[in-house]
Amino acid sequence: MTRHLITSAIPYINGIKHLGNLIGSQLPADLYARYQRARGNEVLFLCATDEHGTPAELAAARAGKPVAQYCAEMHAVQAEIARGFRLSFDHFGRSSSPQNHALTQHFAGKLAENGLIAEVTESQVYSKADGRFLPDRYIEGTCPNCGYDRARGDQCENCTKQLDPTDLIDPRSAISGSTDLEVRETKHLYLRQSKLKDELDAWIDSKTDWPVLTTSIAKKWLHDGEGLRDRGITRDLDWGIPVRKGTEEWPGMEGKVFYVWFDAPIEYIACAAEWAEAGGLPEADWQRWWRTDKGADDVRYTQFMGKDNVPFHTLSFPATIIGSGEPWKLVDHLKSFNYLNYDGGQFSTSQGRGIFMDQALDILPPDYWRWWLLSHAPESSDAEFTWENFQASVNKDLADVLGNFVSRITKFCRSKFGETVPDGGTFGPEEEALIADLTTRTARYAEMMEAMEVRKSAQELRAIWAAGNEYLQTVAPWSTFKTDPQAAAAQTRLALNLVRFYAVLSAPFVPDAAAAMLAGMKSEDASWPDDVPAALAALPPGHGFEVPEVLFAKITDENREAWAERFSGHRD
RNA sequence: GGCGUGGUAGCUCAGUUGGUUAGAGCGAACGACUCAUAAUCGUUAGGUCGGUGGUUCAAGUCCACCUCACGCCA
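According to this note's numbering, the residues represented by the first sequence are 578 to 1149, in order.
Cross-link-like lysine-lysine pairs, in silico, DSS-like; alpha carbons within 27 Å at most:
{"#": "1", "residue 1": "K772", "residue 2": "K884"}
{"#": "2", "residue 1": "K772", "residue 2": "K796"}
{"#": "3", "residue 1": "K1131", "residue 2": "K594"}
{"#": "4", "residue 1": "K764", "residue 2": "K687"}
{"#": "5", "residue 1": "K642", "residue 2": "K594"}
{"#": "6", "residue 1": "K871", "residue 2": "K784"}
{"#": "7", "residue 1": "K772", "residue 2": "K687"}
{"#": "8", "residue 1": "K774", "residue 2": "K797"}
{"#": "9", "residue 1": "K822", "residue 2": "K764"}
{"#": "10", "residue 1": "K1099", "residue 2": "K1131"}
{"#": "11", "residue 1": "K1059", "residue 2": "K988"}
{"#": "12", "residue 1": "K687", "residue 2": "K822"}
{"#": "13", "residue 1": "K642", "residue 2": "K705"}
{"#": "14", "residue 1": "K884", "residue 2": "K796"}
The set of hints was computed from the structure by calculation and includes no laboratory data.
Just need the whole structure built from these sequences, with the hints factored in.
Written out as structure tokens, the structure reads:
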């Protein structure tokens, strides 16, 4: 038995994520977690909300709520939606947890001890009216280049020129609009990850089985320009983890917090601690997942994320871990995804373009989305969502190939033999051929799932479903019943067993439908079919079942058109 | 401007270290079946593999240049 630690990139707190975010990390991570559990392996699957930083503060202000309360509420909302999509996290934590406070401060302290923290004094724009320093992009003014009057301090959106906040003419706070700004000196901590460049480089080189997407991004950051640059890990904000050196005060850093990108990945570890606490487990229980000196040396750790998150996961977070000098677990495999586009453009949170997770669940059950998104996962390049493709895929794959298979065989049996697995007859060459085919295909499916080849797994699973229809079409029990009822009984018995077999194999993709299929077959045997012939005899003659409700209703043209219209512009 | 990733049948995508007539699903046409959510199964049609040039006995697969899309960075 292998032990799998699996984490999904943690979604930011300020709002509900869209389907592009879902397929980029949480959903494929869930697929893999469910598969590994099904194979009998020990799994700890973690995710959390990423709660610190200016965007959270501003979103809270817009909502007229204290930021802590806002985050607590949004965490609850995201957790509920995650349940709606059947994301099987062992724990859905929060980067604002006490555990993450302690760990983040601990790591900072260790890094400082090891000479990997630099204190740098720099100039930043301070807004007196807002009583805070302003990040570059929260300063607005007139672009000195093109005259656009809403240019941001980091870049002019109109002429795309890169700017410094001090370049702006008539600068003002994007938060309050105040022009009462001044440049002040402030001290910040930098993670000297450049000192670890060679070590990181060698480590990445050793990961020959990672997706090209992952290693090419990491390599670029390592070698571009002057190479890996040091990065600031603190900010002048109220909302965040107070800067401390372990449990000690950090002289000169009073009132400052760690920058989100530093504390967010540490939440992967803290989340395990939260999980243990929530379950009333001792510290050792989570440490055996994370500390190689405390039992984690046989853990296989896999991270899932969108390509925008790759630099943090391949460089910054490993730098934090390696730099601590402590035996924390480093990631073993890093699966990254490209973007999902929506109908010719990008999904956009700010513009409300595309489909958001809550809206998706509003119109269809989670299995529909899980199947389409996973079978079209943006693995080798960006992928595109269109309503036509969604309707066609879901109707064909789920309703026609899988759903209708369950329907046709259970209803056929009910009408000819009753709601009981029929006895009699023996298997002939057709049955042997089907079993041999499924044995091959199941092995290939497992191989693809093991390799996290999401699309190829879906493709193989679909072929496994289709094999059932091919078999029925070939042996035609409705015909043989007239001349040889015993043969028809054997054929029907095998086909009914396929329903349970499909339920087990399909569960990682479509957990609700799988559960309905198992319930319909009145079986609780969801064990992985290591032995395919045996698995196809799990329901013995005389075993009772019920014809399940229609598993997947089809998406009509009217639905499709209405939804395409509804999601074309801004969300309400 | 630099770098990265892509550009393969109408659509969505596979194509291992270069090697026999380039594959799958959907869609289309035709046929079979009638148990089933007008579902299923089979057959067929469809591609000068973004463009040009080069290396090679042989290139979708390597090299150069060009072009388009997307992304990251200056």
